[in-house]
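**Student:** So the protein lines, in turn, are chains A and B. Residue 1 is where the first sequence starts when you use the numbering used here, and the numbers rise one by one after that. Residue 1 is where the second sequence starts when you use the numbering used here, and the numbers rise one by one after that.
No false leads were slipped in.
Here are some of the chain A residues that sit facing chain B, going by a computed Cβ distance under 7 Å:
no., residue
1, Glu3
2, Thr7
3, Leu10
4, Met11
5, Ala17
6, Leu23
7, Pro25
8, Leu26
9, Arg28
10, Phe31
11, Tyr109
12, Arg110
13, Gln111
14, Pro112
15, Leu113
16, Phe114
FYI, nobody ran anything at the bench for these hints, they're computed from the structure. A quick note: this is a predicted structure, and the numbers were derived from the prediction, not measured. Heads up, the beta-carbon is just placed ideally off N, CA and C, and yes, glycines get one too.
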Amino acid sequence: MDETIETGQLMATVADAIKERKLQPLPRWHFALRGALIGTGVVLLALALVFVASLIVFLAHLNGAWFAPSFGYAGLRTLVFSLPWMLVLLALLFTVLLEALVKRYAFAYRQPLFYSAVGIVVIAAVGGYAVSVTPLHPSMYIAGRDHQSLVAERFYAAFAAHDLDDVHPGVIIDLNDGGFTLRDRQDETLSIIVTPDTRFPYGTALAPDDVVVVFGDRQGDTVAAQGVRRIEDVTLRHRGRPGSMRTRDMHRGRPGTIIQ
Amino acid sequence: MQHLEEETTDERIALRVQAGDQEAFGILVQRYGQKILRYARKFLFGYQDAEDMAQEVFIKAFVNIRSFDATRKFSSWLYRIAHNEFVDAIKRKKREPIPFFDPDELFPHPVSQSDPGREAEAVATRASLEAHLDALDPKYREPLVLYYFEELDYGEISEVLRIPVSTVGVRLKRGREALAKRAGALDPAKT
Numbered sequence: 001m002d003e004t005i006e007t008g009q010l011m012a013t014v015a016d017a018i019k020e021r022k023l024q025p026l027p028r029w030h031f032a033l034r035g036a037l038i039g040t041g042v043v044l045l046a047l048a049l050v051f052v053a054s055l056i057v058f059l060a061h062l063n064g065a066w067f068a069p070s071f072g073y074a075g076l077r078t079l080v081f082s083l084p085w086m087l088v089l090l091a092l093l094f095t096v097l098l099e100a101l102v103k104r105y106a107f108a109y110r111q112p113l114f115y116s117a118v119g120i121v122v123i124a125a126v127g128g129y130a131v132s133v134t135p136l137h138p139s140m141y142i143a144g145r146d147h148q149s150l151v152a153e154r155f156y157a158a159f160a161a162h163d164l165d166d167v168h169p170g171v172i173i174d175l176n177d178g179g180f181t182l183r184d185r186q187d188e189t190l191s192i193i194v195t196p197d198t199r200f201p202y203g204t205a206l207a208p209d210d211v212v213v214v215f216g217d218r219q220g221d222t223v224a225a226q227g228v229r230r231i232e233d234v235t236l237r238h239r240g241r242p243g244s245m246r247t248r249d250m251h252r253g254r255p256g257t258i259i260q
Numbered sequence: 001m002q003h004l005e006e007e008t009t010d011e012r013i014a015l016r017v018q019a020g021d022q023e024a025f026g027i028l029v030q031r032y033g034q035k036i037l038r039y040a041r042k043f044l045f046g047y048q049d050a051e052d053m054a055q056e057v058f059i060k061a062f063v064n065i066r067s068f069d070a071t072r073k074f075s076s077w078l079y080r081i082a083h084n085e086f087v088d089a090i091k092r093k094k095r096e097p098i099p100f101f102d103p104d105e106l107f108p109h110p111v112s113q114s115d116p117g118r119e120a121e122a123v124a125t126r127a128s129l130e131a132h133l134d135a136l137d138p139k140y141r142e143p144l145v146l147y148y149f150e151e152l153d154y155g156e157i158s159e160v161l162r163i164p165v166s167t168v169g170v171r172l173k174r175g176r177e178a179l180a181k182r183a184g185a186l187d188p189a190k191t
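Hey, can you work out the whole structure from these sequences and the hints?
**Tutor:** The structure is reproduced here in structure tokens:
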């Protein structure tokens, strides 16, 4: 068929269809609203991803697994196996959804998927870590633990990881010849045995009231420490127990006691 | 109208349609009618409803004309609508697989900037493509059609398909290889 005739026919059918279906161009606000919804979706998903990533890091801090890799390969294995994998999968799902939304923008689809995916993972990792070191999670966790907020209590009760058999975060109550006594998050008192093989990756200067994480298998109330390191953990410090104050007062003036 | 037809750019005409001059849309149909029909016939090879598809492309373009950003190329925007319409048609018919995810989009690939002897090769490739459209996956058929028949460059194809420019290069290369293989299989003298 002649191209001019064919084009003329196409023009006529398009014009007829527009007239028959009474079509009108959609208003600008329709597209502006759609763009705003997509933009809002991107921001909300990014925030959700950062929050989930920060929660994963906080939970790993809470059960002490975050610090376990400093005690070697066994510690690394403990960290990997203790990760809240449901949350990790949720973070992956958010990453995929975010990637799908971001791919609508030219800056993303013009580049290989690898770049935008790495960008999202970096944002999640850096943002997650940054949020995890703010008081957000610790203050919410403490509010929940102390029954000041029902929402926070239920939220962290749902996500808080179980205690690990070989990682024990807690506060040193006192030092003794063979090691020290530790009060853990459940207010249990553990006897920590330090041997010449015990690793102290960040030094041996420990004193009562220090918050530490002990790596080693528990036998009853005794832990043969494979590793010990001091950590910062406000959720362990703010227990509101008068005993900890007494202990601190007892040892005031002793900034650090070298074990061994 | 005659003045508009001859001198005004696509983008200026699209702006007029956006402002309410619906008659001006006819000029865009006139300018791109044959191109979209050809694109439909080549890409939807054997689907037999290219005219209906082309009509739907222009209707969608008309309805969504106010989403067009006149600082960008109208042709890329229109081809993008056509691409979506045609891919939807292929999915509806379920005759050919359209992968949800293409690993070629994952990592960067080197893009050939110069291609000596391209003109002579293009003529041969166009003829081969014409003869063996049915031998190609839609994934390779579409960029080849856009490049050799619609004469879009890598950047424009990247905009239409929303894939990285380097992936356009990879698909064109693999498409040409598939064509050569097919041509060789049918004509042993060429192997």
